[in-house]
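Participant: My request is simple: use the sequences and hints to build the entire structure.
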Amino acid sequence: MGQSSSSLPSSLPDLALHCLRVADHSPADNLIEPYFDYLIGVQTVESTTQSDGEESLLSGLTPGELGRVLEENEGRKLRLRVYNAKSQRVRDVQLTPSRAWSEAALRESGQDLPSGEGTPKPSLLGLSLRVCNPAHALESVYHVLDVLEGSPAEVSLVPWGDYVLAWSGGPLHSENDFYNLIEGHVDKPLRLFVYNSDLDNLREVILYPTRQWGGEGLIGCGIGYGLLHRIPRPSTPPSGPAQTSYPADGYFSTTTNRISDNTSLSSQAVAAP
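Note that the sequence shown covers residues 951 to 1223 in the working numbering.
Don't read these hints as lab results, they were simulated from the structure.
Watch out, some of these pointers could steer you wrong.
[To be verified] Here are the computed distance ranges between Cβ atoms for each label pair:
#1 G1100 / E1133: 19 to 29 Å
#2 V1136 / E1099: 34 to 44 Å
#3 R1018 / Q1044: 12 to 22 Å
#4 K1027 / K1071: 17 to 27 Å
#5 Q1162 / K1027: 49 to 59 Å
#6 L1149 / L1177: 19 to 29 Å
#7 W1110 / A1050: 39 to 49 Å
#8 A1050 / G1164: 49 to 59 Å
#9 T1046 / Q1162: 44 to 54 Å
#10 E1021 / N1151: 29 to 39 Å
#11 N980 / E1099: 31 to 41 Å
Because the structure is a prediction, the values reported are computed rather than measured.
Just so it is clear, CB atoms sit at the ideal spot from N, CA and C, and this is done for glycine as well.
Facilitator: Written out as structure tokens, the structure reads:
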């Protein structure tokens, strides 16, 4: 199992499956990069003994189509065609769909294995997905600018190098979403998924918005949004997924069929509330 060399895409489908989470020890672990990778196709190898090496490529994936292919090929090698929004390149990832990893995780944690009719089956890949347009990937990111001393942001965020990608409830879709999220978590812990462009590191942080810290705003930092504040493309293509420093919350078998709404973008930098 592994990854092939990547290439620049000639075109992208209108819809793809956005990878939000990757579970530890799953078939996709260390092969798929959460928040940056999009599944745009799947190849099924008819037989490894075929001399002509005939393969079929299914593109324009929907959750149902991917689920069908995975069920039909459980325990057999597949190739996923993956678009990475950060490097803007396409690569093929070879893996074997299996439920053995999740069953082992349940046994280790002392939980009972799923059983009975109607019980959801564990994920074959260990991915949490949503449907969206990959052409609009990374438009709704929030660039951390100046951070005030003693502020809640100083505890968790790195000025200029950090980009907020999402929160524990999922991706954000417009400029106001982030500010509304902060307003809704005054004096409450807010879990954010943050990418650092200097370290090529995706991590989970906990922010505590409050008016009691003694300075301006709820978190005490400036936030840039729009064309001038996109995540910079790496100077060299990565050899693998970025290091991810958040723990997987068990296994992820639920597919969220949600089309992201792509709103107009601005390039202004403003202070977060």
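Participant: Evaluate each hint against the coordinates.
Facilitator: Now the hints, each set against the structure:
A hinted range of 19 to 29 Å holds for the C-beta pair G1100 and E1133, which are about 21 Å apart. The given range of 34 to 44 Å is broken by V1136 and E1099, whose C-beta atoms sit roughly 21 Å from each other. At about 19 Å, the CB distance of R1018 to Q1044 agrees with the hint of 12 to 22 Å. Range check, K1027 to K1071: Cβ separation about 20 Å, and the 17 to 27 Å hint holds.
Our hint of 49 to 59 Å for Q1162 and K1027 holds, since their Cβ atoms are close to 56 Å apart. The supplied range of 19 to 29 Å is met by L1149 and L1177, whose beta-carbon atoms lie about 24 Å from each other. Range check, W1110 to A1050: Cβ separation about 43 Å, and the 39 to 49 Å hint holds. Evaluation of the 49 to 59 Å hint for A1050 and G1164 yields a pass: the beta carbon distance comes to about 53 Å.
For T1046 and Q1162, the Cβ-Cβ distance of about 52 Å falls inside the hinted range of 44 to 54 Å, so the restraint holds. At roughly 35 Å, the beta carbons of E1021 and N1151 sit within the given window of 29 to 39 Å. Distance hint check for N980 and E1099: the Cβ-Cβ separation is about 38 Å, which falls inside the suggested range of 31 to 41 Å.
Checked against the numbered hints above, the structure violates only hint 2.
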